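> So the chains spell out like this:
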Amino acid sequence: MDRYVFSFTLVGTPALADADGVLVLPDHQTLIVSDLHFEKGSAFARSGQMLPPYDTRTTLRRLGEAIEAHRPDRVIALGDSFHDMWADERMDERDRAALKTLVGGIDHWVWIEGNHDPQPPEDLGGEILFEFKLGGLVFRHEPLEGVAPGEIAGHLHPCAKVRGRGRSVRRRCFATDGTRLIMPAFGAYTGGLNIRDDAFSACFGRTPDALVMGRDAVHVIAAKQCVPDRPRLRA
Amino acid sequence: MARWARYVSAMPSASSRLPDRFENWFAGRGWAPRAHQLEMVEAAKAGEHALLIAPTGGGKTLGGFLPSLIDLEALSGQKQRPHRLHTLYISPLKALSVDVARNLTAPVEEMGLDLRIETRTGDTSQSKRQRQRAHPPDILLTTPEQLSLFCATANAAVFFADLKRIIIDEAHALAPQKRGDLLSLALATLSVWAPSAQRVGLSATVADEQGLARWLAPQTHEDQFARIVRGDTGARPEVEILDPSERIPWAGHSGQHAMAEIYHRLKAARMCLVFVNTRAQAEMVFQALWTMNEDNLPIALHHGSLSPEQRRKVEAAMAKGSIKAVVCTSTLDLGIDWGDVDLVIQLGAPKGSSRLIQRLGRANHRLDATSRALLVPTNRFEHLECAAARDAVADNVLDGDPLQAGALDVLAQHVMGRGCGEAFDPETLFDEVRSAAPYACLEREAFDRVVEFTATGGYALNSYERFRRLVKTREGGYRARNPQIAQRHRLNVGTIVEAPMLDVVISSRGRGGHRLGQVEEWFVEQLVPGDTFLFAGQVLRFEGLEEMSARVTRTRDAEPKIPSYQGGKFPYSTYLAKQVRAMVQNPNAWAGLPDQVQDWLQLQSEKSRLPQADGLLVETFPRAAKYYLVCYPFEGRLAHQTLGMLITRRLERMRMRPMGFVANEYTLAVWGLKDMSGLDFDALFAEDMMGDDLDSWLAESDLMKRTFRNCAVIAGLIERRFPGQEKTGRQVTFSTDLIYNVLREHEPDHVLLQSAWADAAAGLLDIRRLGQALSRIAGKIVHQPLSRISPLAVPVMLEVGKEPVYGEAQESILEDASDALVAEAYGEISA
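Listed in order, the protein sequences are those of chains A and B. Quick note: the first sequence, position 227, residue 227 per the working numbering, numbers continuous. Quick note: the second sequence, position 391, residue 391 per the working numbering, numbers continuous.
It should be emphasised that the hints constitute simulated quantities derived from the structure, not laboratory data. Treat the numbers as computed from the prediction; the structure is a model and nothing was measured. Wrong hints could be hidden among the right ones.
[What the hints assert, rightly or not] Far from chain B by the CB rule (all over 12 angstroms, computed), these chain A residues:
(1) 28
(2) 50
(3) 55
(4) 74
(5) 92
(6) 103
(7) 110
(8) 118
(9) 119
(10) 121
(11) 127
(12) 128
(13) 144
(14) 150
(15) 177
[As the list claims (entries may be wrong)] Below, computed lysine to aspartate or glutamate pairings styled on DMTMM-like, alpha-carbon distance capped at 20 angstroms:
(16) 705/B <-> 816/B
(17) 320/B <-> 294/B
(18) 94/B <-> 114/B
(19) 267/B <-> 295/B
(20) 578/B <-> 340/B
(21) 324/B <-> 295/B
(22) 224/A <-> 816/B
(23) 313/B <-> 294/B
(24) 472/B <-> 531/B
(25) 224/A <-> 815/B
(26) 224/A <-> 340/B
(27) 224/A <-> 819/B
(28) 780/B <-> 614/B
(29) 133/A <-> 113/A
(30) 224/A <-> 811/B
(31) 674/B <-> 652/B
(32) 472/B <-> 498/B
(33) 224/A <-> 824/B
[To be verified] Now the stretches of chain A that chain B is said to cover, found in silico as 3 or more residues with beta-carbon under 8 angstroms:
(34) 35 to 46
(35) 153 to 164
(36) 205 to 214
(37) 219 to 226
Ideal Cβ positions, reconstructed from N, Cα and C, are used throughout, including at glycine.
Using the sequences plus the hints, can you model the full thing?
The following block contains the structure:
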């Protein structure tokens, strides 16, 4: 299968944004994925909403395909890999086994701690870290406010909304200004936050540009083309 | 008083089968009971369920209540009698309950009956609800949803134990909907609590009388039917089709060419209703009439998005007779007759003969007077449809699809509700459910799957056992796990899933202001502050969003910048479609059409050929560097859209490079970069497109996802949104899309997907109708290659560019927006 990717450089490091929502650093043989939110479905079930319990399975399948396509030596899961502290015990045995196999097949698997999973399970393999550094890049779950060159983070679930032809489209995206980057959420049940939200300008000093995940392409869409979800009343 | 006078006109006294007090009351007014009213009393005495079918104004409501009043009269003398619920009245409209309560009070007081009559709707206060539970009225007027709420509370059985009669008003409108499924299940529950209660249906004339009589009656192993009682049919309406002096447009729905004539007609009438098909059309017509309103005639607007206060004002003015005309949508189709209407104008396609007859019935609510109606087609094809509808009215042919099997998402809601009061035993509940007509043929296996869905989601993975919403009691029954789960269910009762709406609030500057009505959230999301649009009869300037409301100001712009949002666009009936097909192929049938339309058809037969009723005409021609394929199935817009989707997929596979398509009620046009005239059209339109092609399209179809979302809400998988909740409607839609994708990948046979599929087949995708059409035309496709566009193809070709183009639209929007320069600045795109 063809992979649709966008090649660019992030503070001098070559990078590929994949239309499927992973980032690859070819020089480092590293694949980055963020906000997997395993077992989000079953977390809802616990409170009485019986969402289909297959989100973990779908997420794993897609992640497996991305790893298969890029064959990285290192995978960095950028936090919120598990929807909550009990996700691991709710996970179906087969899914758990599949995840273990996936982790075991990678030389260096890094679990970055997220706010949903401050203590990712230890028995799946891989290294658990709060932050990870690689060349000029730093990987953490929550992006810092203000200037942070070389930071690759997750947490915010960026989405871009674009209007045209009398309709609008809202899709997940990578948010970047060329100096730092916020990853799209990868999990099958994860929603998104519009990149016009204040949370993004707090990090970038402006609305970032969007590398939008299309069906079979990554579309580079300038900040000025992206519209907010709801046009707000001018104060 | 005036209303009852209209219901019961003077007739020679037939017999004295009524108690004295009633005879005297009728006689005191110089009236006599009508034959069907007496027959209703007779049916009640015989202990039969009865369906009263009569046109509006036939004394239907009194026919429904008379047996109850007679029954209650016998009790009413007793001192200190305990009031128990005797009669339950259910109507689809809140307003109708209130209106009937008011109108029932008058004769009850005049006869000196000591009765308590109360309403219970969504607006009823908590304290009144509690009082009603403790001290029931004799007659309670309510809505289907309120009854389902009762079913989901403890001790409801006691409340209904003495119930004798259940009256269901506008039964013909409820039965074909999911609301009808839910009501029918609630009625089945009532039959368990009050086994002797008789059911009474009140209905306008319907095509499928037997189906409705069955729907009303509790079912056993054999089909059961309520006794059908017919009222007088009344005089046939006089229907005229406007033959305008102006040029009849090829396409569009504005009716602009006929507006002067409409104004002239309503000016001459006492009071006139101008029915249109969409809210957008209502706004446009209202605007157009006011521009030419030199006489300052009181003309009003009435549609479902206007605030209730605004609508009440218009209704009150109608009742007083202080208004000349009302431009309205289906909001005035049902129920209350507000005033002395003597002319009904239908602007645009009538869509179905039953619907038209219902609308015509809004004029002259006296049976002895003929109602007058004017049909105003807005384009040439609509002239054919109007002619077919006029003939149908003259022959009193009613259309409408037969009632369908009950929906599974609705059943899931009912099952959960039954677990929110006392525990239910699945064995007994299965029998109860099967006594509801829509579910009479339900298989045990399907029922068990629905129960399992309700309890745990019903997934094959079976991982939610420990989170059960319904738990087993020691006696083997099922009950909601805890009171919170039961309460959450009660908040989500009902089958009406509205598109998320936002208030439209007008103010001159900043704060304050008042509510004009509501619009769909998606419409507002298209707006940029400063945009102008037409709403509530005025051009408004959008200022921005504040919480759950769209703030607007008045503007002097005459022309709104953003075209109005579209209302419901349901297709015309299969009956009318058949008539139109027959009319087009046969020049002898054109006599009643305006010359312009006849010339147009004549020209078609010369330049191309006429579509044949049992086949399909396919034309191909080049135009402006593109190649077109235009076909004429006459099956309605929804079926054509689905067909367009499937055909373009096939053309893509054949490497014909299709670029888009546009559909209207009668025609489908597809265009692309390659000449399609050499294709094998039998293969292109082969029925097997309903297999894999359909399946792969459904995986990504927005319409399918919307259908799924509705099912998920009704079935209780997703909770409704309530005002004040921070989630926006957009986010809810987003997450059901994700659920749809995941569920489809892992469990394509899940009960909820099954339910969504059944809805799509009959609803937004109209798959059933398309399937029937494909089998009708198989082997009978006639291809006509042309060097240029044909006369019949002009209307649909004019819509190219006005209607959204389907296909790869979403991806194209992204491509349009993507910025080559920015991409260059960051790097490059590669595959």
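> For each hint, tell me whether it holds in the structure or not.
Status of the hints after comparison with the structure:
1. 28: holds (17 angstroms)
2. 50: violated (3 angstroms)
3. 55: violated (6 angstroms)
4. 74: holds (22 angstroms)
5. 92: With a cut-off of 12 angstroms, residue 92/A comes too close to chain B, as the shortest Cβ separation is near 6 angstroms.
6. 103: Consistent with the label, residue 103/A stays out of reach of chain B, its closest Cβ about 22 angstroms off (over 12 angstroms).
7. 110: holds (25 angstroms)
8. 118: holds (24 angstroms)
9. 119: holds (23 angstroms)
10. 121: Given a closest Cβ separation of 18 angstroms, the condition holds.
11. 127: It holds; residue 127/A is separated from chain B by about 29 angstroms at its closest Cβ, greater than 12 angstroms.
12. 128: holds (26 angstroms)
13. 144: Check passes; 22 angstroms lies beyond 12 angstroms.
14. 150: holds (16 angstroms)
15. 177: violated (10 angstroms)
16. 705/B <-> 816/B: violated (25 angstroms)
17. 320/B <-> 294/B: violated (23 angstroms)
18. 94/B <-> 114/B: violated (25 angstroms)
19. 267/B <-> 295/B: holds (9 angstroms)
20. 578/B <-> 340/B: violated (35 angstroms)
21. 324/B <-> 295/B: holds (11 angstroms)
22. 224/A <-> 816/B: Given that 20 angstroms is the threshold and the Cα spacing comes to 14 angstroms, the pair holds.
23. 313/B <-> 294/B: violated (23 angstroms)
24. 472/B <-> 531/B: violated (57 angstroms)
25. 224/A <-> 815/B: holds (15 angstroms)
26. 224/A <-> 340/B: Between residue 224/A and residue 340/B the Cα gap is close to 57 angstroms, so the pair fails against 20 angstroms, i.e. violated.
27. 224/A <-> 819/B: holds (10 angstroms)
28. 780/B <-> 614/B: holds (7 angstroms)
29. 133/A <-> 113/A: Holds: residue 133/A and residue 113/A sit about 14 angstroms apart, inside 20 angstroms.
30. 224/A <-> 811/B: Holds, at roughly 19 angstroms.
31. 674/B <-> 652/B: holds (11 angstroms)
32. 472/B <-> 498/B: violated (34 angstroms)
33. 224/A <-> 824/B: holds (16 angstroms)
34. 35 to 46: holds (count 4)
35. 153 to 164: holds (count 3)
36. 205 to 214: That given contact holds, which follows from 4 residues of the stretch 205 to 214 of chain A lying within Cβ reach (below 8 angstroms) of chain B.
37. 219 to 226: With 5 residues closer than 8 angstroms to chain B, the stretch 219 to 226 of chain A meets the three-residue bar; holds.
Hints 2, 3, 5, 15, 16, 17, 18, 20, 23, 24, 26 and 32 from the earlier list are contradicted by this structure; the remaining hints agree with it.
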